[in-house]
Structures are given as C-alpha cells and as structure tokens.
Amino acid sequence: RKEVEQDPGPFNVPEGATVAFNCTYSNSASQSFFWYRQDCRKEPKLLMSVYSSGNEDGRFTAQLNRASQYISLLIRDSKLSDSATYLCVVTSPYSGSARQLTFGSGTQLTVLP
Amino acid sequence: DVKVTQSSRYLVKRTGEKVFLECVQDMDHENMFWYRQDPGLGLRLIYFSYDVKMKEKGDIPEGYSVSREKKERFSLILESASTNQTSMYLCATPGTGRNYGYTFGSGTRLTVV
Chain A
51 RKEVEQDPGP FNVPEGATVA FNCTYSNSAS QSFFWYRQDC RKEPKLLMSV
101 YSSGNEDGRF TAQLNRASQY ISLLIRDSKL SDSATYLCVV TSPYSGSARQ
151 LTFGSGTQLT VLP
Chain B
1011 DVKVTQSSRY LVKRTGEKVF LECVQDMDHE NMFWYRQDPG LGLRLIYFSY
1061 DVKMKEKGDI PEGYSVSREK KERFSLILES ASTNQTSMYL CATPGTGRNY
1111 GYTFGSGTRL TVV
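Chains as they are written, first to last, in the working numbering: chain A, 51 to 163; chain B, 1011 to 1123.
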C-alpha cells in the first residue's frame, strides 16, 4: 500500500465548476500536511498547508481528518489557470531534524473553457 | 522566501558517465533534499542532508551519492549513469514562514543515452 494515495484523475471540469480532490495517508505519525501544485514540466510549488481546523485561501479550501487519515482540497469557481497536477504531501519524523516529505502521485486537473 | 537554484535545466549524458547535479540555497538552511520524479511513480527521495557533511539515504539511493561540503550547496552524483536514471531531478529545502512547506528548485531533466 502506498504511503500517500490520490486518485490520479484526470479530472476534466468546465470553468466555474467546483472540484474536490481526496487523499489518504497510511502513517499515523505524520505531522504536517500540504497541497502542492505542479504545472507541466515545472517544479512543485506549495499551494497551501492543511490544518485540522480546516483552512481556506480564496477559492481553495483544505481539510484534514486525522482520525480517518484523510485530506481534501476543494476548488470553487475553477479557472482555466487552475489546470495543473495537485500533489498531496505529508511529513513524518525521519532522522535528526530532517522531516521527510512523502508525496502522492498527484491528481491531474484540466479546466475546460 | 528561500531561493533554490539548480545549475542545469536540461542535461544529456552518455551511459557510464559520471554526472554531477548541483543545488544551491540562499537561506543557510540545514536540511536539503534530492528527489527524482517519474510518470506514475511521483516524487521519490534519493538522499537528504541535515548539515554539512551529514547525509542520509532516502528511499532509492542505489546508483547515487551526494556531497555537502558547504551549507548552501548539496550535490547529487551519478557515479556511472545508466538509462534508468533518465528522470527529472528536484532539489528542495524547507521554506520559511508560517506554512513551512518545502521550496523546490526548478528541476534538472536528465536524459541518459
């Protein structure tokens, strides 16, 4: 079983739609949680952190359920520029002070005009 | 914000060559990481370093070594490049600020022929 699992998609949605991505993780000792965005042939970039209380950044809402080991990302009123691959990322204690990032394989989103 | 610079965007090397991939960060961070990214496999940790001259193997260290002589520079070395090392290589270091995610370099796309 993969440590971080995501539905790979692709998700093809019309502009203005609401789309939700889900992610599950297997290591209950995971400490921090993030969503990253990766455009084609570019490096991943931090989209937002995910907190147990849930957090929102404009059209993006992230939720964490530690009991179920489940993370979600909701995008409202999707734009063409939201087309990208979304990576679910968790950190765990690893060695010394270095926290290891574990990545999901990513969910591909295409927003259609 | 931290800036992570990888020396080359694209490299083509021959099988058996020794290859050096360089990564430099400008925030005096202790922790630096090397990942490779392949379609369907996501990002996988090769090696990380938590201080000068300190290194730890990640999940897929075989065929690679690293060097951390100065805090700002973390080098990935392919001792004898093979075609299965054709990949996108990404260097990362912890970001700054509240979110404390990781910041990636722009990546090096290596092709071994």
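Accuracy of the hints is not assured; some may be wrong.
Calculated pairs, DSBU-like style, for lysine-lysine (alpha carbon to alpha carbon, straight line, at most 30 Å) [unchecked claim]:
#, chain 1, residue 1, chain 2, residue 2
1, B, Lys1067, A, Lys129
2, A, Lys92, B, Lys1081
3, B, Lys1080, A, Lys95
4, B, Lys1080, A, Lys52
5, B, Lys1081, A, Lys129
Treat the hints as calculated values from the structure; they're not laboratory data.
### Task
Could you tell me which of the numbered hints above are not met by this structure, giving the numbers in increasing order?
Hints 1, 4 and 5 not satisfied by this model.
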